[in-house]
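A.B. asks: The listed protein sequences derive, respectively, from chains A and B.
For the first sequence, position 345 matches number 345 in my numbering, and the numbering has no gaps at all.
For the second sequence, position 148 matches number 148 in my numbering, and the numbering has no gaps at all.
Source of the hints: derived by calculation from the structure; they are not laboratory data.
Hints may be right or wrong, so weigh each one.
Said to hold, decoys possible - Heads up, incomplete: computed chain B residues facing chain A, CB under 8 Å, no partners named: (1) Gly146; (2) Gly150; (3) Ile154; (4) Ile162.
Unchecked claim - Each computed DSSO-like pair below joins lysine-lysine, with the alpha-carbon atoms no more than 30 Å apart: (5) B:Lys457 x B:Lys24; (6) A:Lys368 x A:Lys81; (7) A:Lys442 x B:Lys457; (8) B:Lys59 x A:Lys483; (9) A:Lys300 x B:Lys59; (10) B:Lys24 x B:Lys159; (11) B:Lys103 x A:Lys440; (12) B:Lys305 x A:Lys440; (13) A:Lys372 x B:Lys59; (14) A:Lys372 x A:Lys300; (15) A:Lys450 x B:Lys105; (16) A:Lys300 x A:Lys368; (17) A:Lys368 x B:Lys364; (18) B:Lys159 x A:Lys295.
Claimed, not checked - From chain B, some residues computed to sit far from chain A (all C-beta separations above 10 Å): (19) Ser64; (20) Arg153; (21) Ala157; (22) Leu176; (23) Ile179; (24) Leu186; (25) Val288; (26) Asn326; (27) Leu429; (28) Arg462; (29) Phe484; (30) Lys497.
Backbone N, C-alpha and C fix where the C-beta goes; we use that ideal spot for every residue, glycine too.
Listed here are the chains, written in short residue letters.
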Amino acid sequence: MELGIYLQDISLTIPLMVLFVLSLLPVTVKIFSGNVEQKPLFTFLQAAFAVILTGVLIVLRNTTEVVYAFNNTIVFSPYIKLTTIILVLSTLFTLFLGYRSPSIPKNQYSEHVFLLLSALLGMLVLNYSNDLLITFIGIELLSLPLYVLVGLSGNSVVPKEASFKYFVLGSFASAFLLFGIAFIFGATQTTEITKILSASDQVDKNLLTIGIMAFLVGMFFKVALVPFHSWLPDVYQGSPTPMTAFMATTVKLVIFVFLLGFVDVIRLMDMNVALYTLQWVAILTMFLGNMVALKQSSLKRMLAYSSISHSGYLFVGLISAVLGTGEFSYQGILFYLLTYMFTIMGLFALMCVYEKKEGEDLNLDTLKGLAKDHPWLALAMSIFLLSLAGIPPTGGFFAKVFLFSSAIQVEQYWLVIWGMMSSAIAVYYYLKPVVYMYMKDKESSEIFVKNESVSTLSIVYLSVIMVLVLGVFSQPFLTRILKTLI
Amino acid sequence: MFLTGLIFLPIVFAAVVLLLPQSKVRVGSLLMAIVHFVYSLCLFQMFDKTTAALQLVEKHEWISFFGINYFVGIDGISFWLVLMTTFFAPIVILGSWHSIEKKEKTFHFALFLLQTFMLGTFLSIDSIMFYIFFEASLLPMYLMIGVWGGTRRIYAAMKFFIYTMAGSLLMLVAILALIFMTAEQLGAPSASMIDFYKLQIPFVAGEVLNPQTLMFLAFFIAFAIKVPMFPVHTWLPDAHVEAPTPGSVILAAIMLKMGTYGFMRFVIPLFPEATNYYGWFVMLLGVVGIVYGALVAMVQPDIKKLVAYSSVSHMGYVVLGLFALNIYGTTGALYQMLNHGVSTGALFLLVGIIYERTHTREIKSYGGLAAAMPIYTILFLIVTMSSIAVPGTNGFVGEFYILMGGFLKNKALGSIAALGVILGAAYMLWMVKKVFFGPEGEYVKGAKEGTYNEALKDVSLRETIVLAPLIILIFWMGIFPNHFLSWSQSSLDHLVKTQLDYELPIAQKAEQE
């Protein structure tokens, strides 16, 4: 084992370093100007510059093969390039949502930006990792800023409670991750993912299965698969809406992207035992999420449960990736994640538009008669909800088609049938807001006040367009995804 | 380009509607709908009725790795359904001139979207495209029921949507499985129906867990809900009663046909063995639907609900004819699909006319209407005759063929279905008697005393214009059925012939044993 840092190591991680340095900029400026908060636009531009520069640096790096760095602990490939770009994009959207959002305290905006960029850095580390310890560092670097971001809000108690809940349960999940890594190390004498794969022939299969399962449990916590979902509704509801959007899209994305790269290791488990468990996790997640969402009246809480069920759908795709040979399930999951990212981002952006003050909870009742006052925004919201429900001609439909067809390819018919049945249930609650917007008249004559924030509205409209484009012209995106697989 | 134009022209119209000033919306959309209808009439010129092959085909690559294409085409089966779709648009627009009072723009927007989706359903040859249009057509109808409907509109709209959606999701699974099967058997994945027809789908008689039976069930349930067949018909009465008149008309005249069209396009040609094996059961459900629908219709206090249940009964005939799997039954079924569209569409329009005047649909509050509204009474009687299949009207031709086909296939079921005709006559005539002739009800009395004078005017010129084409069609289709059937004949022959090809090997096997 030789240690040493080479030039190609540095060049591979330049985007990460640039992001790290630039993420410090807003807080540094604040400290040096006597702890006075700068103009939000100024801070925002700094952060946007950091994110965009990182993105550009990643785009500019050409790869046609898998490259390792830092003694095989860091890996870069076309697949990682594509997914990282999606992550950067979705963080940029979150930045737009947070700009002048009433739920984020004005005097702490630069801290908010700093934490968001740190979380992005954590995600990049996680995505680049080829060593379970680096993975763990990535997850912690993502989670710790997230705990603070959830609680970072004026005087309201609810976000603090959410933050604490998230912290306690998240630490629990981290413990599971470490536990799993320790077992894997015990079985294979290494934490490096590629070495685990090659060492797997002569190891104790049981030990390895326990290790991988424990590691997966930690991951399941992060994406809230049943029965590790209990933290999610409270945390989603309690957080400032831009942060909910961030957790529901970007964080979920990165974990699934990582797991998709991790399937080779998952395959090492004793499948006779593990497959059964994984299938039940998927089925329960799809059903519990959708069933509980039926009864919710708070929009945010409903979407929280819907997000649980979407984790379940994605997990069906992941199971087929574990069982199958690749291509199809890669396409399925990545396309699903992309569509889901735009849909949820747009939906939460819409909720930001209607949040007048911090901690306000959008109820179904408050949507009454929305279609009359703001027809375009109501239409946008309907499109997002239809996409979540998987109704054509939105992107959500094809996302579901590709995802479930990957499961059909590996002959997991029952998983698909359960999934379809649960999404039939889901249609009911996805249509409920549509009912309130279009079919009920509001009691009072007061007109809806919306946040005339250009940054938020632009995210709404961009997302609508993307959801429709993904629904009609999915071919170029799929080709792009396929090209990254080598 | 012709069919693409036919499908997507209404979307352009829908966009135009949004731009029109409020006062011009109705006139504008009426004109556009007429233009679209005239455009569709060009089909008579372009369509070749001597062949069963798909015509005016357009095919472009869409999502290549999955074999999904933009693939449209028309044959004798979809020919009349397409024309009926474009034909009803101007009629419902003119028919709902005064009944849609709020959000007119949105209403016409939804109507044109619905047109596109319905035409897309009938013209798609690619199964994924078919599914997309099939599913998307739920949305505008959902809005129509939910926004402009009656008092329980939200419940009805939700029920309508979830019933149909839940059924079709399993169909989607079956379509995906079929695509993988094409990849296996034909070398490349393809979502086109033409390639599906070439598949050999394994079938084991008497067992449920084999690919063909499962897929048959998935498709069958999806379309049975749409038709709707007993026992999954319960969404229909709710949807019809709560929907506004134009919604009811389109729902009855065209959207229900998507289900029976699906039977003809997918279920029968794709799963021939399963269709043969389970055909008797489907016929049985059809006959149960005929009798059940008629019996329930008999006790309805609400005219619209009565017509809705009569739909269940009439669609039972269509299913019976289809699954008789002979040329009589199939021809009759296709004809009955058109008949049901015309006569039930007309009935809903007529009910709408009187509802606009009195705002009630209770049968018992009418009575003696014949004296107050003579022309309306005559029109209603003609449509009733058509609905109960009096010779000379269109209903007779269709039901006659269906009963003949049904009887040839299964004597017991054919006979029960024939008895169902009597039940059908009974409930319709009872209703007509109570509404138009019986003792004078509160409205007619009120009209005499001067309280309801304004309300009980006879049909206006606009309403006559709306109903006239339908009345003409009733007689035309009743007296010259060949004018219509000749366009579909070759396709129907082909459908039945392929069916018979499959029947032969099974019969031979039975003989050998």
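A.B. asks: Can you give the numbers of the hints that this structure goes against, from lowest to highest?
C.D. replies: Going through the list in order, the structure violates hints 2, 6, 7, 9, 10, 13, 17, 19, 20, 21, 22, 23 and respects the others.
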